[in-house]
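Line order of the protein sequences matches chains Z and W. For this note's numbering, add 9 to where a residue sits in the first sequence, where the first one is 1. For this note's numbering, add 52 to where a residue sits in the second sequence, where the first one is 1.
Treat the hints with care, since some could be wrong.
To be verified - Output of the computed footprint for chain W on chain Z, the stretches with three or more beta carbons under 8 Å from beta carbons of chain W:
| hint | segment |
| --- | --- |
| 1 | 181-192 |
| 2 | 201-207 |
Claimed, not checked - Distance windows between CB atoms, simulated:
| hint | chain 1 | residue 1 | chain 2 | residue 2 | range |
| --- | --- | --- | --- | --- | --- |
| 3 | W | G281 | Z | N329 | 37 to 47 Å |
| 4 | W | K135 | Z | P95 | 17 to 27 Å |
| 5 | Z | T69 | W | P152 | 51 to 61 Å |
| 6 | W | P152 | Z | L118 | 27 to 37 Å |
| 7 | W | K135 | Z | L117 | 37 to 47 Å |
| 8 | W | S142 | Z | A185 | 38 to 48 Å |
| 9 | Z | Q304 | W | E207 | 29 to 39 Å |
Because the hints were derived from the structure by calculation, they are not lab data. As the structure is a computational prediction, the values presented were derived from the model and not from experiment. In this text, a Cβ means the ideal position worked out from N, Cα and C, and glycines have one as well.
The primary structure of each chain is shown beneath.
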Amino acid sequence: MDILQILSNTAAQILSPTTIGFVLAAIGLAVHFGFTGLLNMGVAGFMAVGAYGFAISILTFGLPWWVAALIGIAAAVVFALILGIPTLRLRGDYLAVVTIAAAEVVRLLFLTTAFRTVTGSADGLSGFHTDFRASNPLPNFSGNVGFGPWTYSRDQWWVIIIGVAVVIVVLLFVWALMRSPWGRVIKGIREDEDAVRALGKNVFSFKMQALVVGGVIIALGGIVTAMGTNVNPNVYVTSQTFYIWTALLLGGAATIFGPVLGAVLFWVVRAFLSNILPALVNIGVLPFLSGEQSQMLVFVLIGLALMLLVIFRPQGILGNRKELTFVK
Amino acid sequence: MSSEPTAAVGRAKSTGLHTGDVRPGVAKVDPILVADGVKRQFGGLTAVDVDHVEIPRHAITALIGPNGAGKTTFFNLLTGFDKPNEGEWSFNGRSLNGVPAFRVARMGLVRTFQLTKALGLLTVLDNMKLGATHQRGERFWSSFLPFLWRKQDGETEAKARDLLVRFKLDAKSADFAASLSGGQRKLLEMARALMGDPELVMLDEPMAGVNPALTESLLEHILDLKDQGMTVLFVEHDMHMVRHIADWVIVMAEGRVVAEGPPDTVMKEQAVIDAYLGAHQDVDLGVVTGRVKGEHTAAEQELLEQIEDAEGVGE
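The whole structure should be built from the sequences, with the hints applied where relevant.
Following this line, the structure appears as structure tokens:
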């Protein structure tokens with residue numbers, strides 16, 4: 010068993026485009042759930058809308074990559090409005106039901122063969138990175154550059170730079186929002202929307218704004234992921250939504266840095282487990298498991314971790330001790 | 053506590069609020085809120101059916117009645133939290149029909165809730181600041197530009213701290229509202245309602261679940277509101293409280309206004325005694341239902357006969 014290789018693989022996960030996309034999605038969900046109290050169970054749907062909006066704009070319409078990214082964002086705004094207008098006047102659990110269904114509808118629309126020429130059906134979309142890679146300002150080099158486990162190609166570095174920059178901008182954005190009087194109203198709505206309504210605030214409008222803002226951030230996660238990899242409908246399944254929830258609750262739902270920490274930690278632990286468990290099986294430490302079963306065990310352990318987390322530390326790692334999101 | 057028990061009684065009551073004979077729906081000299089034919093049905097049940105009622109300005113009006121009389125539903129209808137099946141109601145002469153709750157609040161009609169709605173995971177100070185209306189920093193795009201709202205936010209905070217001192221919550225301003233006691237939450241909710249400079253404050257059972265010492269200070273605060281030129285409408289069960297501080301009393305029973313008038317006279321009306329205490333308040337229900345052994349008094353015998361008659365009709 011090569012423990013160094015396993016640790017290196019694990020560490021490399023920290024800067025992968027998938028992790029960065031995951032971080033963004035978790036920040037968006039923090040805006041929805043942690044600050045506004047909106048139960049968005051369709052995170053994967055928002056990511057898919059962003060990613061497909063980006064890829065289709067390039068492949069089908071031949072637009073430059075940054076225009077495509079703006080279209081991905083616009084698609085998320087439209088998606089949020091469609092979900093919000095009928096449900097935000099109702100009680101919170103209705104939004105949960107509608108979002109989980111809408112995310113599945115979106116995924117199945119991208120999966121159906123009816124739109125194969127545009128969406129690529131089950132094969133997904135690929136080969137839309139040319140324009141994005143051509144805009145890379147980094148000096149020309151071949152092979153992988155970096156230090157320690159973090160050596161990447163020129164194309165990969167460009168995605169990482171853009172992705173990390175987006176994360177920083179989004180964090181500043183959310184921080185500025187949440188310390189303002191706007192953020193105060195949003196947190197008030199999380200606690201009791203009737204009380205906020207009685208104080209003269211248009212609760213529906215505030216909830217809609219929060220749904221759009223969070224949705225755009227989640228879609229940015231989808232776009233950054235798409236910049237680094239292909240777009241495939243099998244990624245945007247409901248379990249993806251639950252992974253992001255796990256990451257958010259791990260870090261602390263009502264915090265600025267909680268989702269970042271939670272998402273990175275989630276991916277590091279997941280990468281570590283899916284490297285080390287098969288290795289342990291190979292050297293005969295876990296004789297009751299096959300290599301394939303050990304991969305499944307990773308998800309069993311993640312589910313278990315989520316349960317323990319919600320029971321014993323509902324405020325997350327960075328959450329305020331007094332601030333128990335689930336205990337009212 | 054700040055005051056002796058007699059202090060609440062010491063202040064002069066407002067009089068001469070009505071014109072003409074005192075009866076349900078009597079016209080007021082200067083009404084702030086007028087409701088006409090407001091009716092709310094839940095399925096087959098008519099929860100509220102108010103023909104006409106006027107709330108006098110610059111006075112403390114109590115809305116009393118037994119459980120299920122429709123007081124809270126009427127509150128919800130007046131403040132836009134619920135919509136009546138029919139009816140018209142207006143505040144300062146402006147119709148409130150179809151006006152959403154948040155806009156009603158902005159017009160100067162602020163309410164509190166029977167089950168206190170302190171925003172638990174916000175600090176006491178943030179709870180207060182949330183109550184201020186017309187905040188520039190609450191607009192989405194200007195929230196990124198602190199120079200647009202910082203000055204106003206400072207003024208809001210100063211006002212909030214003043215109110216917290218008045219309500220003796222200033223020591224708690226940095227704590228989460230969830231850490232307050234039930235009575236302190238009632239105080240916070242009332243103080244928060246004042247942040248929006250309301251003209252009419254509607255308090256839904258402000259004294260429910262509050263210990264006697266704190267009740268005394270709550271009563272003082274309600275009287276202070278009147279001194280500051282606000283109008284108060286409150287729901288209450290405790291007849292003594294009502295007698296002490298109310299200038300006018302409106303009695304509801306089974307969704308209707310059955311009586312109104314100054315507290316001393318209205319309490320003596322037969323309709324009020326019937327509605328509020330029940331026509332059979334001297335009857336021991338335990339004896340009537342046979343759970344407790346005992347001699348039937350004449351009144352109990354009469355009630356039993358009525359029940360038997362009613363059952364006979366039902367069969």
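Hints and how they fare:
Counting residues of the segment 181-192 of chain Z whose beta-carbon sits less than 8 Å from any beta-carbon of chain W gives 7, enough to reach three: the coverage restraint holds. Coverage of the segment 201-207 of chain Z by chain W holds in this model, with 6 residues showing a Cβ closer than 8 Å to a Cβ of that chain against a need of three. At about 40 Å, the CB distance of G281 (chain W) to N329 (chain Z) agrees with the hint of 37 to 47 Å. At about 19 Å, the CB distance of K135 (chain W) to P95 (chain Z) agrees with the hint of 17 to 27 Å.
Checked against the given bound of 51 to 61 Å, the beta carbons of T69 (chain Z) and P152 (chain W), roughly 43 Å apart, lie outside it. In this structure the hint that P152 (chain W) and L118 (chain Z) lie 27 to 37 Å apart at CB holds, the actual value being about 35 Å. Separated by about 38 Å at the C-beta atoms, K135 (chain W) and L117 (chain Z) satisfy the suggested range of 37 to 47 Å. For S142 (chain W) paired with A185 (chain Z), a C-beta distance near 42 Å keeps the hint of 38 to 48 Å intact.
Against the hinted window of 29 to 39 Å, the Cβ-Cβ separation of Q304 (chain Z) and E207 (chain W) comes to about 60 Å, which falls outside the hint.
Checked against the numbered hints above, the structure violates hints 5 and 9; every other hint is satisfied.
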